[in-house]
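> Assemble the complex: chain A is given as a structure, and chain B must be docked to it using the hints.
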Amino acid sequence: MRMMLNGEDFSAEDAPGQSLRSMLHEADHFAVKKGCDSGDCGACTVLVDGTPVHSCIYPAFRAEGSEVTTAEGLGTPGSLAPIQEQFVAAGAFQCGFCTPGMVVTASTLTDDDLDDLPRLLKGNLCRCTGYRAIEDAIRGRCNVARCEAPCAAPRSAGTSAATGVGTSVGTSVGAPAAARVVSGQEPYTLDVAIAGLTHLAVLGSPHAHARITAMDTAAARALPGVHAVLNHEDSPGTLFSSARHESRLDDPDDTLIFDSVVRFRGQRVAAVVADTVAIAEAACRLIEVAYEVLPAVFDPHEALAAGAPQIHGDKNGTTSRIADPATNLVAELHGEYGDVEAALAMAEHVVTGVWRTQRVSQMHLETHASIGWIDEDDRLVLRTSSQVPFLVQKEICRLFDREPSAVRVFTARVGGGFGGKQEILTEDVVSLAVLATGRPVQYEFSRSDEFTLAPTRHPMEVEVTLGATGEGRLTALKLRVLADTGAYGNHAPGVMFHGCSESVSLYNVANKRVDAQSVYTNNLPSGAFRGYGLGQVMFGIESALDELAVTLGMNPFDLRRLNSVRPGDDLVVTHVEGSDLVFGSYGLDQCLDLAEAALARGNGAALPTGPEWSVGTGMASAMIATIPPRGHFSEASVTANPAGDYTVRVGTSEFGNGTTTVHTQIAATALNTTPDRIIVLQSDTDASGYDTGAFGSAGTVVAGKAVLIAAQRLAVLLTAAAAESTGTAPESWTLEDGGLRQLDSERLVTLAEISGPDGIRAIGRHDGAQRSLAFNVHAFRVAVNRATGEVRILQSVQAADAGFVLNPEQCRGQVEGGVAQAIGTSLFEEMILDGDGTVTTSVLRNYHVPSLSDLPVTEVYFADTADELGPFGAKSMSESPYNPVAPALANAVRAAIGRRPHELPMSRDRVWRLAQRA
Amino acid sequence: MDQNTVTRIIPARRRADLTALLSPAALPLAGGSWIYSEQNIGIDTLVDLLPLGWAALEISPEGLTIGATCTLSELSAMANPAQAEGGPWAAHPLFFECCTALYGSFKVWNVATVGGNLATALPAGPMTSLLAGLDARVLVWEADGTDTRMPVAEFITGNKTNALGLGAVLRSITVPRSSLLAETAFRKIALSALGRSGAVLVGRLDAGGAFVLTVTAGTVRPVQLRYAALPSAETLFAEIAAIDCWFTDAHGSADWRRAVSGVLGEEIRQELSARRSGETQGDAR
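Chains as they are written, first to last, in numbering that gives the first Met the number 0: chain A, 0 to 917; chain B, 0 to 284.
A portion of the hints provided could be inaccurate.
[To be verified] Only part of the chain A face toward chain B is listed, based on derived beta-carbon distances under 7 Å:
| no. | residue |
| --- | --- |
| 1 | GLY49 |
| 2 | HIS53 |
| 3 | ALA277 |
| 4 | GLU280 |
| 5 | SER852 |
[Claimed, not checked] Computed footprint of chain B on chain A, listed as stretches where at least three residues anywhere in the stretch have a Cβ under 8 Å from a Cβ of chain B:
| no. | segment |
| --- | --- |
| 6 | 450–463 |
| 7 | 817–830 |
Just so you know, these hints were derived from the structure itself, not from any lab. Think of the CB as a built atom: it goes at the ideal place given N, C-alpha and C, for glycine as much as any other residue.
If we strip away everything but chain A, and leave its shape as in the complex, we get (with noise of 0.2 Å):
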């Protein structure tokens, strides 16, 4: 077929049932990308004769004849087209992914659609900023700092002031991919073209429990182009898990690549890999496999029940660390500090409650993919969409026995991961299937096999019971905690541990008790998802404490100021933590009076009327640890290079979080420099020192302290190298942009004339030992339909205590994408199970990730802090935000109507139904 491709000729062979997407990405135009591939979240859209349309919906053989433009159509770094611009200028994205989709709608636009952008941006959904930056791109406002785009626009309220030489940090840098990002241009894991690559499918199975008893793969082996038929019995009899941590120690070893017995529906039970997915698809629909069929158990309670089945009955508890297999029990944590029964019996108050969470998926809008092949060095090489390309290639040896340097792991840039891409789901698999045909082989996720065999984030049922004197005083907090981790145990000891920790000890309390279990179902696994258990729990206990606020007729900050922990203050949980767990700076009481004084102050929004509408406020704090325990490793280096500028080596991934705009913030301002002679290179094992990964918020204070210990080792080298070569002194000399220029003498000595043609090199590195802790409150003002339940945010305000903060409008961003992500789990997001182990949300149009018109624009305040520990007084900021949205909200509601949410998402239909209780 032929059309006319971003005003070029183009011919390619489209297969009968094609879509024009897949049409276009084969032939290696990778600007469309696949978020959904059913015309629901609109990263591949592209114009058809001018036409807006999805093309992952549009059949490629109604293209014929057509001119199809995509977003590198518009234009390309160097050559923006306006809109283009505007994205950039305003910093409108954060992973990227749905940025070329969002572009190329975007620019069918006109003055006349702004106030119609809920409708006509419905169909682009976007996981991490939370879609205000996106709106400022498209009214043409400017939010990133040295801003070099025509926008004759006002910056919007908060822009920071230009960057300069030295003085990058505290300013909004912006993203160093962003030309390429916009335009199309920025590789994702499966945009690149390789010579004979092969795809993989999997075969899942339809029993939710099941030993399998037989398997013919003949047939399937016999179709042709199929090249391998993969399963139990070809799997390495290693157990693992899936998930990553600096300690595989930390997860129990439960998992094969192939199983003989399956735990939950859609488990792999065979791959094929074959030349194309179509030909791997119809191979595993030829494959037979008789099951015998075994007991399940879908309820965390009844798992723990006498007689329940045993999932994981065959494992050894101690080996494979597995708390108890015989009671489906993986992980449980029961300590008291202090006498909580005897407090609960003296308290004046006591209040009580059980509070539920639903199953939540990630929702990146790049799957989980990865290709593998096996380069000249025969070393097997991975590139995966991970946010722990190291701890990938850790696993990935042990599994095959192989040695490090044997294996490579890398990832381009990663298209959101928010915890699911902290475990290995594709690079097992893949690895096995290269070692297997000797071939490059591809596996991608579909968008159904995210919502029915990702990780999820961990359902959790909490019981809260908290004691107080007539003052408020908090005497007793008791904790129960039970948590859905579904068939396998990946993450299942972490989040409960750490969904129990900071939540419990922001409070002090003389009487804590917390009993808290992880236990396995049925169900399809629960993993690591942004908050890392602590949203759930805080659910819980702020949703406790504003009962207790409420019994007590007090205000519910002041409660907070009351019995929040201060400086100086144990940290307890069922003991006092270790002294790894510091006080680097406190600004939770900045943020209850900023949270305070802004719902005060009020927005102007208008209440809706009628009789039928209440209105109420609400709020809640939260406190994380800026690393996570026991180690978080970075390893980077920064070299000057002869042509005068900076490589940072670095092996954090980036997904959206923005480190690499604060990596070359930070080495920027230490070598004296601007951000643009800072080139990053980064989560390519074979690029850059160990890094342990990009989770636990750890890329700013880990791996970006990382960075600045490098760039200030490289400073000192520079000037030693100027003294040297010039036989002057070393404090004669200081860096400047492009070299460096002694004090009295205004000489100039460039880079290359003292670095050699290999450079200068310095390397740094953080073990993370010393933790701090960050800050955030959130608060709401919401009006709820009593008739509909509709639940409308009229005031959404968040206060956060990031330490120094190196990036504001990156900052900001993450502030308000965590904020956007907690509203979708807080009012829509729900993964819906049969009871039987079938996921029947399975498809995006059934799981609503909140668009732009689900979603206020957030007033996002900063504490006035710097902290001792994180690189220029940083700490962390992209889990914690996510973490009071839901409790404060919760509130909120409870203001309103007078009753109490205890379920979420508080969906309108269950608002309605309390509601019509009250």
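Structure of chain B alone, referenced to chain A:
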């Protein structure tokens, strides 16, 4: 998404080409926005209807005939006819309003067809709301070469089921002129502001005073309540509550759909009542 089991696309240029649809492994293809959004394992043939070149919108003395392959964007952008052409139509705003009830974006409107939306027979299909609400009738090309006509509300038989037999194709939909001249009111609610519809209600007040309330999206098939004149609030509320085919899915529970339909039905009743009395006052002046 790619339809990996499809091996051939048959362009239909004349009615006889549709015999390919007698195979259970064949599907008629219009805009493609539904077929390409799902895996259709077992389908090997798509019969492309667009080469048939059906007129999108035809005005006649009987009313408006909409070709099944007319896109939602064509329908939503249709100008309200001038007096010489039999207009203007009081019901005209309903075209755009119902299009906004499509879960898909305006970019989906550019390809999704009126006939495709009807034939897919999803409870939340907004063309069902529109065309049942206007008492339109479908023309079906039966596989044996005969034609069948029936009301839209009967064409949709249940959640994702319709009256099309094997090999039959939805050819067009005709909206009677009397409905086009009627006053209409539209309400939609979902679990989110612009989300997939939980309930869509269309009210229609005909020139003679007869009132029809069409309840869709919350029920597995369209339900129509008919009155010789606008009923009382109590009557309407009770009859909405008595509807027996509410359903629960990810887009709302049955009890909520029933309750909010009562709220929306009353809003429609009041709106049309106010418009009617406004007209009367206007006439008096």
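> Compare the structure with each hint and give your call.
Here is how each hint holds up against the structure:
| no. | hint | verdict |
| --- | --- | --- |
| 1 | GLY49 | 10 Å, violated |
| 2 | HIS53 | 6 Å, holds |
| 3 | ALA277 | 4 Å, holds |
| 4 | GLU280 | 6 Å, holds |
| 5 | SER852 | 4 Å, holds |
| 6 | 450–463 | violated (count 0) |
| 7 | 817–830 | holds (count 3) |
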